[in-house]
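A.B. asks: If you're matching them up, the sequences are chains Y and F in order. Each residue of the first sequence is one higher than the one before, counting from 1 in the numbering used here. Each residue of the second sequence is one higher than the one before, counting from 1001 in the numbering used here.
If you're looking for bench data, these hints aren't it; they were derived computationally from the structure. Each hint should be verified, as a subset may be incorrect.
[Unchecked claim] With a Cα cut of at most 30 Å, we get these calculated DSSO-like pairs of lysine-lysine:
#1 Y/K154 - F/K1179
#2 Y/K210 - Y/K89
#3 F/K1401 - Y/K275
#4 Y/K46 - Y/K5
#5 F/K1179 - Y/K255
[To be verified] Covered stretches of chain Y, as calculated for chain F (at least 3 residues, CB under 8 Å):
#6 31-41
#7 87-97
#8 270-276
#9 341-355
Since we're looking at a predicted model, the values are computed, not measured. Think of the CB as a built atom: it goes at the ideal place given N, C-alpha and C, for glycine as much as any other residue.
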Amino acid sequence: MAVKKPVSVTIRTYAVGFGDCFLLSFQYPGQEKHVLVDFGSTAVPKDAPKNQLLLIAKDIAAVTGGKLHGLVATHRHADHISGFATNAKGTAPGDIIRALKPDVVVQPWTEDPKAQQKAKKATQTVQSGPAKLRALAALEGMHEVARAAEAAGKSLREVVGEQVAGQLSFIGEDNVKNLSAVKNLMGMSKRAYVNAGSKSGLERVLPGVKIHVLGPPTLEQTETIKQQRSRDDDEFWQFWRRQGLATTSALSQGKALFPRDVATVTPPSLRWFRKRLGSVYGDELLQLVTMLDNAMNNTSVILLFEAGTKRLLFPGDAQIENWEYALSQPKNQKLLAGTTLYKVGHHGSLNATPKNLLWPLFKNKSKTKSAKRLLTLLSTREDKHGHIETDTEVPRSTLLKELKSKSTLLSTLDYRKNELCRLTVVKF
Amino acid sequence: MARARSRRAAPVTFAEPRIRTLTVLGQDPSLADRDGVVTVRIEIPCERLAPGPQGARFHVVDCDASTQTLYRPANIAGPDAFVTVTDAERLVASRAFHAQNVYGIAMETLGCFEKALGRRVPWSIPGGSLDHAGNGRGHVLKIAPHAFSAANAYYSRRDEGLLFGYFPSQARQSARSPKTIFTCLSRDVVAHETSHAVLDGLHPRYTDPSSRDQAAFHEGFADIVALLSAFRHERVVKAAFQDERDWISSTALTAERLRRTVLAGLAEQLGDELGQVRGNPLRSSASIEPNPGLYRSDEYRQPHKRGELLVAAVMNAFLGVWLQRLRPLQGKDGKQAIARERVVEEGAEAAGHVLTMAIRALDYAPPVDLDFPDYLTALLTADHEVYPDDSKYEYRKALVKWFGSYGISPVQSPNSPEPGMWSPPTRPVSYRRNHFESLTHNLDEAFHFVWENRDPLELHSEAFTYVPSVNRCVRVDRDGFTVQEIIIQYVQILGVQARELRRLNVRAPEGMAPSQNLTLYGGGVLVLDEFGRLKFHVGSDIKGPSQTERLQCLWAHGYFQEKRQAQRRFAELHRARAMGSTRFLEEGW
Chain Y
1 MAVKKPVSVT IRTYAVGFGD CFLLSFQYPG QEKHVLVDFG STAVPKDAPK NQLLLIAKDI
61 AAVTGGKLHG LVATHRHADH ISGFATNAKG TAPGDIIRAL KPDVVVQPWT EDPKAQQKAK
121 KATQTVQSGP AKLRALAALE GMHEVARAAE AAGKSLREVV GEQVAGQLSF IGEDNVKNLS
181 AVKNLMGMSK RAYVNAGSKS GLERVLPGVK IHVLGPPTLE QTETIKQQRS RDDDEFWQFW
241 RRQGLATTSA LSQGKALFPR DVATVTPPSL RWFRKRLGSV YGDELLQLVT MLDNAMNNTS
301 VILLFEAGTK RLLFPGDAQI ENWEYALSQP KNQKLLAGTT LYKVGHHGSL NATPKNLLWP
361 LFKNKSKTKS AKRLLTLLST REDKHGHIET DTEVPRSTLL KELKSKSTLL STLDYRKNEL
421 CRLTVVKF
Chain F
1001 MARARSRRAA PVTFAEPRIR TLTVLGQDPS LADRDGVVTV RIEIPCERLA PGPQGARFHV
1061 VDCDASTQTL YRPANIAGPD AFVTVTDAER LVASRAFHAQ NVYGIAMETL GCFEKALGRR
1121 VPWSIPGGSL DHAGNGRGHV LKIAPHAFSA ANAYYSRRDE GLLFGYFPSQ ARQSARSPKT
1181 IFTCLSRDVV AHETSHAVLD GLHPRYTDPS SRDQAAFHEG FADIVALLSA FRHERVVKAA
1241 FQDERDWISS TALTAERLRR TVLAGLAEQL GDELGQVRGN PLRSSASIEP NPGLYRSDEY
1301 RQPHKRGELL VAAVMNAFLG VWLQRLRPLQ GKDGKQAIAR ERVVEEGAEA AGHVLTMAIR
1361 ALDYAPPVDL DFPDYLTALL TADHEVYPDD SKYEYRKALV KWFGSYGISP VQSPNSPEPG
1421 MWSPPTRPVS YRRNHFESLT HNLDEAFHFV WENRDPLELH SEAFTYVPSV NRCVRVDRDG
1481 FTVQEIIIQY VQILGVQARE LRRLNVRAPE GMAPSQNLTL YGGGVLVLDE FGRLKFHVGS
1541 DIKGPSQTER LQCLWAHGYF QEKRQAQRRF AELHRARAMG STRFLEEGW
């Protein structure tokens, strides 16, 4: 019997604001198969109603006819999974998605809950246990940092200043473990925890489509491309465990270390320095939480869907540290060269479309319009992340200019008021 | 207007002590020997000490931003209250001891520099905290021993202080492991951060974005000072010596054995938990096997890794000298055992000398765009000026050998008195329009000298030029007489566009827009002898191949794409070391 093959795919890019939500509907003869890639937002579009995510969930339910075949949660950031959160009444967007009963839920290996249970044990015995388990334990530390940063954004507003406090809250909130969404994802049907080179778990639901998992690499895979083995197997992960403990202990307890020695007044000569220390601490937290944000982005699942001669690339928010392993292999470079459609990484941030290692590979880039011209999808919102004064604004203007110049760009920034999604059709 | 009051000066009293003795931790609270926690009695210059403690150079301000707490100033001006304490927990629980420890070690580290250079060392902090003028030079550096809850500690010029974090221990609780890890209680961390501050005072432009070597130098140099200064304290070295016997056999006295015993022992002392603040510098550096390809390798491109090469070269050279000093004590057949006390003493002597060399070299190093070959050449030249004969313990020979083993060679100077040294100036300079006495201390006089001699000094005529410092340093010569040197630094700054680089013999990085605005830096140090004659001119050219290399490095690291200024760069650097992370700025948009 001939293998069924899809003839085309329709991609719906939903207007979630600062976040991602893509519905891929593969058209097979007489049938459609639907795969949802991420559903989250940390700031809905400026003129959108507050229940925007609910409207989107309902639209997804309607388009799919009540059945999802696959669901991909690329990583744990709220702007990618907050739409999966449920409520007690069962009326939240996550409840609607759950009712679509996806056949398989794809997540990065770092989300494997079985490993995580053991990881708690590993947290107490730092010196032993597989690196993977320690890494998972560190994820808990990362959430602690995020929670502390978010709290600091509120409680230390006067000390750290308005701007830093605002950024702390925004990035902190994005990284805080979204318990309801995570639980919901864990409770949905069969799950596949993937890493670079593994099967995606979507093969069964998408016949005739090759799905390449290009990231995230496991720690062992990362080691293979390092010029020198890390001196300490998991310096990186230990760092987060430590920072998690440090930030939470001070902020959650808020107690003075030496309560009997506390001064009641600040002498004039020390006021400048005391104020300065507040700003130092704000920056310290902000740098930590930004590093954390990047680290979490790098747990993103990178998927390349291949059907016929077309290739669709969905990298979540992966940055170079995630990409590095996949790009070190010539066969992947060859695959990526033929990319037809690229979902722009991390909402167009400065470092999620590797400028020298990835972007030059796409051979379908072109300054002139043609049928073969690279398609790019950008889901983002301005004024939420980074600052133009520091060249860190999202979306980054230089990248946006390049995307407009060398690809056919679909950007949610161009949506009309109340426009819920736009469609992109790729024929195989 | 009120009339100024006149007061009679108090009579000088010879009862005022010149030296203050303080108890501080040998390493950190976890290091103990048979007598309890390892503390040492350090001798630092005595000064009028207000509560804080607050002196002429440091002011301990105990303020915690995480809990928004200010603590009362500690008073340690009286007799040392911790001389007899052997219980680590008592020391950890005492906030006054924290203040004493951090003040004592900071003063001791500053003292190492001042003794080696024979002069007061300035800070480069603005000192404008009261009127926000920020245009002066501050005299007092603040120290916050419990600045915030974070596993980090750093020097910040902008915030005018040394900031020490604290964090909860991850180790299981036991009698010896405290619940909270205080970075201010680590001798290594305090000495390291103080060294950053002192180096910044001596060479403020070493924190400028420049070559890979310059970015790595600050961190590597601070490690060297922190590690070598540990050898000043015999109790610490004894504790590191993993051999309790009173006599050490000759078979145990090889470079490899010392590396595995003493250096590894010291690395262990730095502890897993405190070591995590910025990694374990000694453990990392001591394990780097010699390989001349490392200096040019990709593996050591990142500043926090590259600095380890510097540490490895100096620490291995130190071990070589230490063994050289022990050789005469091993008898003619080289097989006699040596008393442990003596081995430790010789180690302290060798470490002290290498540390002094490392610090003195700063006076012979260019004020901008430093690289490791420059520093090695400065090390050799500075030492030669005081000790022309190196044959007894072969300090310079050991340094050349070990730097070379990692691929770092001194600058080749054709007319140098000894290979690897700076050459004396080839073109004569004029002194006719200068006044010697004024030249020894006056910035304008020094600039005048630079101006008059800009041709023989080969300065760029269009660049903005200034003299940031003139210092007179006094050293004791081998004949017992004092030797005076005058050290004049000058800096040149030239703003150009990329399209103008070609006429400066500088190649623009590939892909850089012709309209890209750039700032080029050059500069040099002029070393004048006790008669005011120019002995050495060590310069870093504002044009030519070295600028090409610098621009390539900055371009590759995304400096021109990145407006963000690392105002607290040491905080970032330490985090990168702790995480063993790599940055990929070149992949950003």
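A.B. asks: Three residues or more, CB to CB closer than 8 Å: is that satisfied between the stretch 270-276 of chain Y and chain F?
C.D. replies: holds (count 5)
A.B. asks: Is Y/K46 close enough to Y/K5, meaning Cα to Cα at most 30 Å?
C.D. replies: violated, 40 Å
A.B. asks: Check, residue by residue, whether the stretch 87-97 of chain Y contains three or more positions whose beta-carbon lies closer than 8 Å to a beta-carbon of chain F, and give the verdict.
C.D. replies: Coverage by chain F is violated for the stretch 87-97 of chain Y (0 residues, Cβ < 8 Å).
A.B. asks: Between Y/K210 and Y/K89, does the CA-CA distance stay at or below 30 Å?
C.D. replies: violated, 39 Å
A.B. asks: So is the stretch 31-41 of chain Y in contact with chain F by the C-beta rule, three or more residues under 8 Å, or is the coverage claim wrong?
C.D. replies: violated (count 0)
A.B. asks: Can the restraint linking F/K1179 and Y/K255 be considered satisfied, given a maximum Cα separation of 30 Å?
C.D. replies: Satisfied, since the Cα-Cα distance of roughly 15 Å is no more than 30 Å.
A.B. asks: Mind checking, does the stretch 341-355 of chain Y have 3 or more residues with a CB under 8 Å from chain F?
C.D. replies: holds (count 5)
A.B. asks: For the pair supplied as a hint, F/K1401 and Y/K275, confirm whether the alpha-carbon distance does not exceed 30 Å.
C.D. replies: Violated, at about 50 Å.
A.B. asks: Within 30 Å, alpha carbon to alpha carbon, are Y/K154 and F/K1179?
C.D. replies: holds, 28 Å
In this structure, the earlier hints numbered 2, 3, 4, 6 and 7 are contradicted, and the remaining ones agree with it.
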